[in-house]
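All chains should be built: construct the whole structure from the sequences, respecting the hints.
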Amino acid sequence: MNNIFHIAGWEYFQKVKRISFILYLLLFPLFGFGLIYFPQLLSKNEVSQTPLPVGFIDYSGEHINNLKHEFDSNVDDNFQPEFILINFGSKNLSGINDIVEMLDNQDLAALIQIFESNIPSNNIVVSYNSLLNSEELIQLEFMINKAVNKSLLSKSNLSDSLLSAINPNIISRKIKTTSLVNNGLNMIQFTIGLIFVLFLSSITIFSGGLFIRSLSEEKTNRLAEILLTSVKAGELLMGKILGLFLFALTQLIVWGAIGFFIMNEFGMKNDFSLEFFYQTLFLVTGIFLNVTIFISAGSFVKSEQNSQQINGYLTILILLPLIFIAHIINEPGSLFTSFLTFFPLTSASTIILKISSGTFTITSVVLYLGLQVLYFIVTVLITSKYFKRSLLIN
Amino acid sequence: MIKFQHISKSFKKIKALDDISVDIEAGNIVGVLGPNGAGKTTLLRILLKLINPDSGEVLYPQTLKSNFHNNIGYLPEEKGLYKNSKVMDFLKYFSKLKGLTSQEFYYYSQPLIEKLNLNRYLDQNIGTLSKGNQQKVQLLSTIVHNPMLLILDEPFTGLDIVNLEIVNNIIKSLRSPDRIILLSTHLIDFAEILCDRVIFLNNGKLIRDAAVTELKNDLEFYQYEILTKDDFDFFDVPNVNDFIKIDDGYKININNKNDISGIIKFLAETITIDEVKKVEPTIKDIFLRDISNK
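Going down the list, the protein sequences come from chains A and B. So for the first sequence, the working numbering puts the first residue at 1; every next one is plus one. So for the second sequence, the working numbering puts the first residue at 1; every next one is plus one.
Some clues are possibly wrong.
[Said to hold, decoys possible] Once the Cα atoms are required to be at most 30 Å apart in a straight line, the calculated DSS-like pairs of lysine-lysine come out as:
id, chain 1, residue 1, chain 2, residue 2
1, B, 65, A, 385
2, A, 302, B, 92
3, A, 232, B, 12
4, B, 83, A, 232
5, A, 17, B, 131
6, A, 388, B, 277
7, A, 388, B, 12
8, B, 3, A, 302
9, B, 79, A, 15
10, B, 49, B, 65
11, B, 131, A, 385
12, B, 205, B, 12
13, A, 302, B, 86
14, A, 302, B, 131
15, A, 232, B, 3
16, A, 232, B, 49
17, B, 284, A, 388
I should point out that these hints are in silico values taken from the structure, not numbers from a laboratory.
Dropping the structure here:
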């Protein structure tokens, strides 16, 4: 057992110290962040030329004036308003379905509904579509909060001088938001799923590729022989799997930390739902399974050229869920999506995307998790049977 | 004692080892000699349990069997080294795999590091060292845990004359009553100096297994040097088994020492002979003769 940890430690520290790894570790999140943030910046510039229409239904009838004031005050550098408030009235409103349809058809970017309630935290709902980016959503929430605070303060018996001294920004309530992007697909959930699949693919491809090359080197310079005369083949295999898993996990932890830092710095929402938890779970199990498959494949590599070929094939398979992302999201029950779900190298990524599309149950999560464990056990059993022999092929 | 009992091994249609039976006693350095493709590596791999024989078995002493991985040291012909790691890290890693604690590692490695003059390279990357120093690092990692079974495949590769002597002395110092050392080398002169016993393999067959001293006492041929400046074809000379050209003449092998006078008479009619010397055959001569005969 000790030997497994010695091997894992060696594999981990030998690879984590590489300059190429450190550069990759730091540059990849910048690239990823740019990939996501750049389109938002572009869309922001486009939007700034045309004010976004935002519908408003005030069932309480108390907030229209303050909200209108906030919308009028919110102008860009050219004194153009960022949003246009369309008031659909207040009590006894009919035709709500027509308004929701306007939102679906993107005639509106968002719809604010304020219901009658004694608890202000529970009575505001903002529904929005893809015309609104996350930064604009945050701006909208800020304006709603400020307007509602002003209304509540004006209802109090405070003197005018005291009222003017109170900053209405200081009270911030949680506003329920509902994304209607892609016919009900939660945009944030989708983005998280996409980022997770990107993480899983790139971590596997980078780490797996590195290990396949090092295994090929160990075979050609007879290090594999020395290792096999020092430890049992099973210990060597498990040590390598553990080392590679820790190596991959390091990338995940560093990128996760950078991600949270960016989210906080840019004021992005970070509500962690049950979906997020499941996606994280499959991200970790996916990494574990994929690295095991890479080591298994790597043990059969005969030369440097051969290692590049095998790495290429595995990379194509790993990227399949990203290539067919639209199909997986739109048709989670199709035969092809099912194939990707049950194919070991693509299963974790496909499951993560299926969770993003909202098509999952607790039972299916447990089933998929069991599947990941089963694949891991089968891969280890098959590999351990041939590992020693394949390492000696030379 | 390790016993090879009727070991045979084939790879596809090629017979790598053919019914090899040999006993190897502790306390000896045994040379495993043979031309390329003779089956040396296959024999060593079977001994190391890296591959299984098709038939036959290897019997190990109980002490070795009980903790096999920690009791063997294997130096392969190619450099089994991590080129990007530091010398000290590499040595520590393999000592850990061989079951040494950090204290034991420092205790056993320090004298060897000094003997091999590796002190100043400990913090360097292995890839930056010369071939000779890499070989010394490899040797150190093979012997640091005092293995009971030591297998050295071409231990002198890449060494200059000074380091050849250092490694030679270290191997000699490793001889101990409870240790089995197998040495495979193409430097047969070194095998002659170091080995107590030699095993000759050719085409997967064991063609000779004898103590070095017995080998010379039990010669089946005699060797002479005929010193001459003339060129001559010895194929036509009666009773000469084989011959090789040397710097100042020819070296011939004959079966019967009484034949030499007749051979000299025959040669004297054709060429000018400067001198005739009886020489002691080396292991190399015996080896070459065995190979050509079989």
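Hint by hint, here is what the structure shows:
1. A threshold of 30 Å between alpha carbons decides the hint, and for residue 65/B with residue 385/A the separation of about 22 Å falls inside it, so the pair holds.
2. Distance check on the hinted pair: residue 302/A and residue 92/B sit about 28 Å apart at the alpha-carbon level, within 30 Å; holds.
3. Between residue 232/A and residue 12/B the CA atoms are separated by roughly 26 Å; this keeps the pair inside 30 Å, and the hint holds.
4. Restraint check for residue 83/B and residue 232/A: the C-alpha separation of about 23 Å stays at or below 30 Å, so the hint holds.
5. Proposed proximity of residue 17/A and residue 131/B is supported: the alpha carbons are some 25 Å apart, at most 30 Å.
6. Proposed proximity of residue 388/A and residue 277/B is contradicted: the alpha carbons are some 55 Å apart, above 30 Å.
7. For the suggested pair residue 388/A and residue 12/B, the alpha carbons sit about 19 Å apart, so the restraint of at most 30 Å is met.
8. With a C-alpha separation of about 33 Å, the suggested pair residue 3/B and residue 302/A falls outside the 30 Å cut-off, and the hint is violated.
9. Between residue 79/B and residue 15/A the CA atoms are separated by roughly 20 Å; this keeps the pair inside 30 Å, and the hint holds.
10. Pair hint residue 49/B plus residue 65/B holds up; C-alpha atoms about 11 Å apart against a cutoff of 30 Å.
11. Between residue 131/B and residue 385/A, the direct Cα distance comes to roughly 36 Å. Violation of the 30 Å bound is thereby established for this hinted pair.
12. Restraint check for residue 205/B and residue 12/B: the C-alpha separation of about 17 Å stays at or below 30 Å, so the hint holds.
13. Restraint check for residue 302/A and residue 86/B: the C-alpha separation of about 26 Å stays at or below 30 Å, so the hint holds.
14. Of the pairs offered as hints, the one joining residue 302/A and residue 131/B holds, with about 24 Å between alpha carbons and a cut-off of 30 Å not exceeded.
15. Annotation: proposed proximity of residue 232/A to residue 3/B holds, straight-line Cα distance about 23 Å (limit 30 Å).
16. Of the pairs offered as hints, the one joining residue 232/A and residue 49/B holds, with about 11 Å between alpha carbons and a cut-off of 30 Å not exceeded.
17. At most 30 Å may separate the alpha-carbon atoms for a hinted pair to count; residue 284/B and residue 388/A exceed this at roughly 36 Å.
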